[in-house]
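Undergrad: So the chains spell out like this:
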Amino acid sequence: MANILAIETSCDETAVAIVARGREILSNQVASQIETHARFGGVVPEIASRQHLLALNPLIRTALAEAGLDWDGIDAVAVTQGPGLVGALLIGVSAAKAIAWALGKPVLAVNHMAGHIYANMLAGPVRFPLVCLVVSGGHTELIYMERDLDFRLLGQTRDDAAGEAFDKVARILDLGYPGGPAVDRLARQGSDVLDFPRALLEEGSLDFSFSGLKTAVLNYCHNVRQRGQEVNKADVAASFQAAVVDVLVQKTAQAVRQLRPATLLAAGGVAANSRLRAALAELARQENVALGIPPPELCTDNAAMIAAAAWPLFASNRHSPLSFTAVPDLDLAAVVENC
Amino acid sequence: MQVHSAGPRATQELAEALGRLAGPGAVLVLSGPLGAGKTCFVQGLARGLGVTGVVNSPTFTIVKEYRGRLPLFHFDLYRLEDPEELWDLGLEDYLAAGGVCALEWGERAAALLPRDRLDIALQPGGPREREILFCAGGPVHRKLVEELMDCVDTGR
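Just so you know, the sequences run in chain order V and C.
All the letters of the first sequence, read from the start, carry residue numbers 32 to 370 under the working numbering.
All the letters of the second sequence, read from the start, carry residue numbers 87 to 242 under the working numbering.
Since the hints were derived computationally from the structure, they do not count as laboratory data.
Be careful, since some hints might not be right.
Said to hold, decoys possible - Here are some of the chain V residues that sit facing chain C, going by a computed Cβ distance under 10 Å:
1) Gly115
2) Gly168
3) Ala312
4) Leu314
5) Arg316
6) Asn319
Note that beta-carbon positions come from the ideal geometry of N, C-alpha and C, so glycine has one too.
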């Protein structure tokens, strides 16, 4: 066996998982802070750090119990090094280093974004080369991988992340936090009748921009309310979501046609969006590539994905020194620099 | 000083001029409603500071750091409930780092920021037009606004 204990504390969720050989989930524990943060309409860093601190040790004990292991059964400790909130990351990084040192086992520093991509590997083997659309609250990126741990950034957002646009539009529509699922649900009751802009940027660019769309939604709601009329929230949600998904899929299609990968992957919290999943499935069929999207519970932040991304590091003996630290703006290109 | 901006590009050009003039320790507090162009302004500022990479929204991580002629620390306090949380993020270190601090929704933490700072309010006048109001709190930033005014006046 080779069991990796993984810890993820980069943002909302305190998560601990134990995964065998990077694939078989023995335990996957997530303590959500969403309820706490919903009151504030977003993440609150200091509260997030304190909650991580309180939740982490009980979660580790629960994970060990569920996996039926004691400490001897752990072969390595993996942890999210970044990107994320610095105070939140430090809780996980400190815990992982302490455990690894006490056990005399290696510690593996993992990039959160790599984790999202590798969530796909938990479902079964994935063929390279691949194109992955990573869409979450903090990121919107298209990434090309020719082989394990080799990441090439094809495009990224120039302003707001897709998930951030969902959260902000949810706030404009008073739908609460997190915004993604709320907009997705409401959109099913509305129709895509409002012509919101799709920013495709300059010819050939694989970058994204969602700030103008957010402003367009805001201006539309403002104008309707100023005329003393009621905003049809369901139509706004449906039209906004359609605009986001259109742009995400058009850029992804462009990347697939350029690079002809064997596999198309999606990852991150927004990959749980029903319209995006359907549109990517259609694209994969048209372009004749294999499609991988993790089940919704592995799209959102979790630690099993961190163990999955740590597996190739472990298997090739690329351990991190105990001196490594949290990096809030960690780059995907830095994934193997720590070893 | 108040400047009328016809659209995002004009806003960025103004911000870029400010970026060329800003010295170490500059503190810029950006206020204005959602979609007013705060991130857009900071993108121009970054260009003026010689930052070459992509500058996108820091809403998720609260602060992002860029390397230019001077370091740029781009904050977004949108998600902060209590301004005191800025201490936990290491605000003092950022302020003392000899770079330029630009804080979106920064008015929420005004009490924690040095008095000598530049408040920049972006007010929508239409879908694209903005009135941009500069208000300096002390001599260092007053001088910065004067220099900016010269630039704007001569149309550079």
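Undergrad: If a hint holds in the structure, say so; if it does not, say that too.
TA: To see whether the hints hold, each was checked on the structure:
Among the interface hints, the one on V/Gly115 holds; its C-beta lies about 7 Å from the nearest C-beta in chain C, closer than the 10 Å criterion. Nearest Cβ of chain C to the Cβ of V/Gly168: about 5 Å, under the 10 Å cut. The hint holds. Checking V/Ala312 against chain C: minimum C-beta separation of about 28 Å lies over 10 Å; hint violated. Taken as an interface hint, V/Leu314 does not check out: its beta carbon lies about 25 Å from the nearest beta carbon of chain C, beyond 10 Å.
Here the hint on V/Arg316 is broken, as its CB sits about 32 Å from the closest CB of chain C, past 10 Å. Against a cut-off of 10 Å between C-beta atoms, the interface hint on V/Asn319 is violated, since the closest Cβ of chain C lies about 32 Å away.
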